[in-house]
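**Q** Sequence:
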Amino acid sequence: MNATLIFDGDCGFCTSTANYVAAHTTTPITAVAWQLTDVAAFGLTTEQTADRVWLVMGEQHFGGHEAFAWLLILQGKLALRAVGRFMLLPGVDRLSALAYRLVARYRHRLPGGTPACKLPR
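Numbering (the working numbering), first residue to last: 1 to 121.
Please keep in mind that the hints were generated in silico from the structure rather than gathered at the bench. Please note: incorrect hints may appear among the correct ones.
Claimed, not checked - Quick list of simulated restraints, FRET-style, between CB atoms:
| no. | residue 1 | residue 2 | range |
| --- | --- | --- | --- |
| 1 | Leu78 | Asp51 | 30 to 38 Å |
| 2 | Arg101 | Ser16 | 14 to 22 Å |
| 3 | Thr45 | Leu78 | 31 to 39 Å |
| 4 | Ala82 | Asp38 | 20 to 28 Å |
| 5 | Asp38 | Pro90 | 33 to 41 Å |
| 6 | Val92 | Met57 | 18 to 26 Å |
| 7 | Leu88 | Asp51 | 15 to 23 Å |
Where a beta carbon is used, it is the ideal one built from N, C-alpha and C, also for glycine.
Kindly produce the complete structure, drawing on both the sequences and the hints.
**A** In structure tokens form, the structure reads like this:
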């Protein structure tokens, strides 16, 4: 299965996180900055990819918290897969989405973050 993680290449936090995930995954994942790829080839628009991280696996597209849940589900360790599945449970998925939005909003304050990471309000 080919999996591609599409992230914001202008953000140091996002770049560091995507590179870490790609280097430490048990399932091969290619990480690409949306600014450096033809996102239309993945069935996405620049607006979608500027808004959130995406994980594309064939015809399946997962954005935001769902992308991170699926990154965990693809891992070899049972505990990580269980956490990923848990993140997608009804009710829990709302909390996962909120957590994703908070991280995205304050990513400029996280390790590796820079002022360029700050999203417009």
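**Q** Now look at each hint and say whether the structure bears it out.
**A** We went through each hint and held it up to the structure:
Between Leu78 and Asp51 the beta carbon distance is about 32 Å. The supplied range of 30 to 38 Å therefore holds. A C-beta distance of roughly 20 Å is found between Arg101 and Ser16, which places it inside the suggested range of 14 to 22 Å. For Thr45 paired with Leu78, a C-beta distance near 36 Å keeps the hint of 31 to 39 Å intact. Checked against the given bound of 20 to 28 Å, the beta carbons of Ala82 and Asp38, roughly 35 Å apart, lie outside it.
As the Cβ distance of Asp38 to Pro90 is approximately 35 Å, the hint placing it in 33 to 41 Å holds. Our hint of 18 to 26 Å for Val92 and Met57 holds, since their Cβ atoms are close to 22 Å apart. Taking the beta carbon of each, Leu88 and Asp51 are about 20 Å apart, inside 15 to 23 Å as hinted.
Of the numbered hints stated above, the single one contradicted by the structure is hint 4.
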